[in-house]
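Student: So the chains spell out like this:
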Amino acid sequence: MKVSEIQKVLSAKQFNDVEEELSVDYGYSCDLMSDVLAFAQNNDVLLTGTVNPQVIRTCQMVDIRVIVFVRCKEPTQELIDQATKAGILLLGTHYSMYMASSLLYMAGLPGEEIENDF
Amino acid sequence: MTFNYEVDASVPEMAGRASTEFKSVLKQLGVSAKVIRRISIAMYEGEINMVIHANGGTITCQVDENQIEIVMADVGPGIPDLDLAMKAGWSTASPQARELGFGAGMGMPNMKKFSDEMEVETQIGVGTTLTLRFNLAA
Ligand SMILES: Nc1ncnc2c1ncn2[C@@H]1O[C@H](COP(=O)(O)OP(=O)(O)O)[C@@H](O)[C@H]1O
Ligand SMILES: [Mg+2]
Chain A
680 MKVSEIQKVL SAKQFNDVEE ELSVDYGYSC DLMSDVLAFA QNNDVLLTGT
730 VNPQVIRTCQ MVDIRVIVFV RCKEPTQELI DQATKAGILL LGTHYSMYMA
780 SSLLYMAGLP GEEIENDF
Chain B
-17 MTFNYEVDAS VPEMAGRAST EFKSVLKQLG VSAKVIRRIS IAMYEGEINM
33 VIHANGGTIT CQVDENQIEI VMADVGPGIP DLDLAMKAGW STASPQAREL
83 GFGAGMGMPN MKKFSDEMEV ETQIGVGTTL TLRFNLAA
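If you read the protein sequences in the order shown, they are chains A and B.
Residue 680 is where the first sequence starts when you use my numbering, and the numbers rise one by one after that.
Residue -17 is where the second sequence starts when you use my numbering, and the numbers rise one by one after that.
So here's chain A without its partners, still in its complex pose (with noise of 0.2 Å):
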C-alpha cells in the first residue's frame, strides 16, 4: 500500500518528506518497542501511540519506513529531524490504534503472523 493510500484512509498529517516513495506490505500496531523488535518481520508500516527518540531507533533497528502516531500525539521537531536523517515518513492520525488499524486492514493492508506459542 502506497504511503498516500494511507494518509487518505487515515486523513493522516504529514511530520516530515522522505526522498523516495514509500509503500508498505503490512501493518503492525503496537506501544511496546520490544514487541516490535520481535515481531515486525515484513515491511510493515507501525501505529503506534509511544513517542520517543526509541520508537525512530526501533524502527531503524527491523528496517520500518513509516510510523503513524494515533490519537493526535505530536512528535517533536527534534525526533521528526532524527527520523528524516533515518529515511523514516512520520504520519499522524486522530484516529486511535484500533480504529486506524481496522482502517488501514479494511483497506486492504494484513497483518503480520504471529506464531501460535499458546
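Worth flagging that the hints you see were computed from the coordinates, not collected in a lab.
Treat the hints loosely; a few may be bogus.
As the list claims (entries may be wrong) - Partial pick of chain A residues on the chain B-facing surface, computed with a CB cut under 8 Å:
(1) Glu698
(2) Asp710
(3) Leu711
(4) Met712
(5) Leu716
(6) Ala717
(7) Asn721
(8) Thr729
(9) Asn731
(10) Val734
(11) Arg736
(12) Gln739
(13) Met740
(14) Val741
As the list claims (entries may be wrong) - EDC-like cross-link-like pairs, simulated, lysine to aspartate or glutamate; straight-line CA separation at most 16 Å:
(15) A:Lys752 x B:Glu81
(16) A:Lys764 x B:Glu3
(17) B:Lys9 x B:Asp46
(18) B:Lys95 x A:Glu794
(19) B:Lys95 x A:Asp796
(20) A:Lys692 x A:Asp742
(21) A:Lys764 x A:Glu698
(22) B:Lys9 x A:Asp742
(23) B:Lys94 x A:Asp714
(24) B:Lys16 x A:Glu699
(25) A:Lys764 x A:Asp696
(26) A:Lys764 x A:Glu699
(27) A:Lys687 x A:Glu700
(28) B:Lys16 x B:Asp98
(29) B:Lys94 x B:Glu51
(30) B:Lys69 x A:Asp796
(31) B:Lys69 x A:Asp714
(32) B:Lys95 x A:Glu753
(33) A:Lys681 x A:Glu700
(34) A:Lys681 x A:Asp704
(35) A:Lys764 x A:Asp796
What the hints assert, rightly or not - Distance windows between CB atoms, simulated:
(36) B:Lys16 x A:Glu699: 20 to 26 Å
(37) B:Glu101 x A:Gln686: 44 to 50 Å
(38) B:Glu99 x A:Gln686: 39 to 45 Å
Each residue gets a CB set at the ideal place from its N, CA and C atoms; glycine is no exception.
Position chain B with the ligands relative to chain A; hints supplied.
Tutor: Relative to chain A, chain B with the ligands alone:
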C-alpha cells in the same frame, strides 16, 4: 575487525546509537540482511538494558570470517536471578523505561531468540557482561 562503543546511560535519548552505528558497519561489510536484522535486534535490546538497568558500559563487536561476537559489559547492579530475568514478561524496569516503550520483559528472550549463542556473566554490585554470538557461515 573490532569495533568499540561507549554506552552512556546519562543520556537515555542516545540509547541505540551503538546499535545503529554497528548496523551501518555491517551493511558496509556486506553481511546478509537477515543476519544484520537479527544482530540489530539483539544488540539494541542489550544496549537498551545497559541504559535502563545498568548505568551504561562498553560494547565490543568482533567481526570474524565465520562469526560476529558482541560483548556488552556494564557496571550496573547485576542480575540477582538470571532464570527469572530470562523469562518472557519478567521486568523490573522503571516507569521512565516503560515510557520509552521498554520494560515488557521481552529483551532477554529476544536476545536469546535472535542470537545463535548467548552467555551472561553477572555479579551483584559489580555488573553484567552479556555475550552474543552470530554465525556467518552458511
Ligand atoms: N544489564 C542488566 N543489568 C541489570 N539487570 C538487568 C540487565 N539486563 C536485564 N536485567 C534484568 O532482567 C530483567 C529482564 O530484562 P528484559 O528481558 O530485557 O526486560 P525489560 O528490559 O523489559 O525489563 C530486567 O527487568 C532487569 O531486572
Ligand atoms: Mg530490556
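Student: All hints, please: hold or fail.
Tutor: Hint by hint, here is what the structure shows:
1. Glu698: violated (17 Å)
2. Asp710: Holds: closest Cβ of chain B sits about 6 Å from A:Asp710, inside 8 Å.
3. Leu711: holds (5 Å)
4. Met712: Given a least distance of 4 Å, the restraint on A:Met712 holds.
5. Leu716: A:Leu716 check passes; min Cβ-Cβ to chain B is 5 Å, inside 8 Å.
6. Ala717: holds (5 Å)
7. Asn721: This interface hint is violated because 11 Å lies over the 8 Å limit.
8. Thr729: holds (4 Å)
9. Asn731: It holds, given that the least Cβ distance between A:Asn731 and chain B is near 6 Å, below 8 Å.
10. Val734: Given a least distance of 6 Å, the restraint on A:Val734 holds.
11. Arg736: Since chain B brings a Cβ to about 3 Å from A:Arg736, closer than 8 Å, the hint holds.
12. Gln739: Because about 6 Å separates A:Gln739 from the closest Cβ in chain B, which is inside the 8 Å limit, the hint holds.
13. Met740: Holds, because the Cβ-Cβ distance from A:Met740 to chain B comes to roughly 4 Å (cut-off 8 Å).
14. Val741: holds (7 Å)
15. A:Lys752 x B:Glu81: holds (14 Å)
16. A:Lys764 x B:Glu3: holds (13 Å)
17. B:Lys9 x B:Asp46: Roughly 15 Å separates the two Cα atoms, so the pair holds.
18. B:Lys95 x A:Glu794: Since the Cα atoms of B:Lys95 and A:Glu794 sit roughly 14 Å apart, the hinted pair holds (cutoff 16 Å).
19. B:Lys95 x A:Asp796: holds (14 Å)
20. A:Lys692 x A:Asp742: violated (22 Å)
21. A:Lys764 x A:Glu698: holds (11 Å)
22. B:Lys9 x A:Asp742: Status holds; Cα separation ~12 Å.
23. B:Lys94 x A:Asp714: holds (14 Å)
24. B:Lys16 x A:Glu699: violated (23 Å)
25. A:Lys764 x A:Asp696: holds (10 Å)
26. A:Lys764 x A:Glu699: Given pair A:Lys764, A:Glu699 holds - Cα atoms ~13 Å apart, limit 16 Å.
27. A:Lys687 x A:Glu700: holds (15 Å)
28. B:Lys16 x B:Asp98: holds (13 Å)
29. B:Lys94 x B:Glu51: holds (14 Å)
30. B:Lys69 x A:Asp796: Holds, because 15 Å separates the two Cα atoms, which is no more than 16 Å.
31. B:Lys69 x A:Asp714: The given pair, whose Cα atoms are some 15 Å apart, holds under the 16 Å limit.
32. B:Lys95 x A:Glu753: violated (34 Å)
33. A:Lys681 x A:Glu700: Cα-Cα ~8 Å, so holds.
34. A:Lys681 x A:Asp704: With a Cα-Cα distance of about 9 Å, the restraint between A:Lys681 and A:Asp704 holds, given a limit of 16 Å.
35. A:Lys764 x A:Asp796: violated (38 Å)
36. B:Lys16 x A:Glu699: 20 to 26 Å: Roughly 22 Å apart at Cβ, these two residues keep to the hinted range, so it holds.
37. B:Glu101 x A:Gln686: 44 to 50 Å: About 46 Å separates the Cβ atoms of B:Glu101 and A:Gln686, which means 44 to 50 Å holds.
38. B:Glu99 x A:Gln686: 39 to 45 Å: With a Cβ separation near 44 Å, B:Glu99 and A:Gln686 satisfy 39 to 45 Å, so the hint holds.
Violated hints, in rising order: 1, 7, 20, 24, 32, 35; the structure is consistent with all others.
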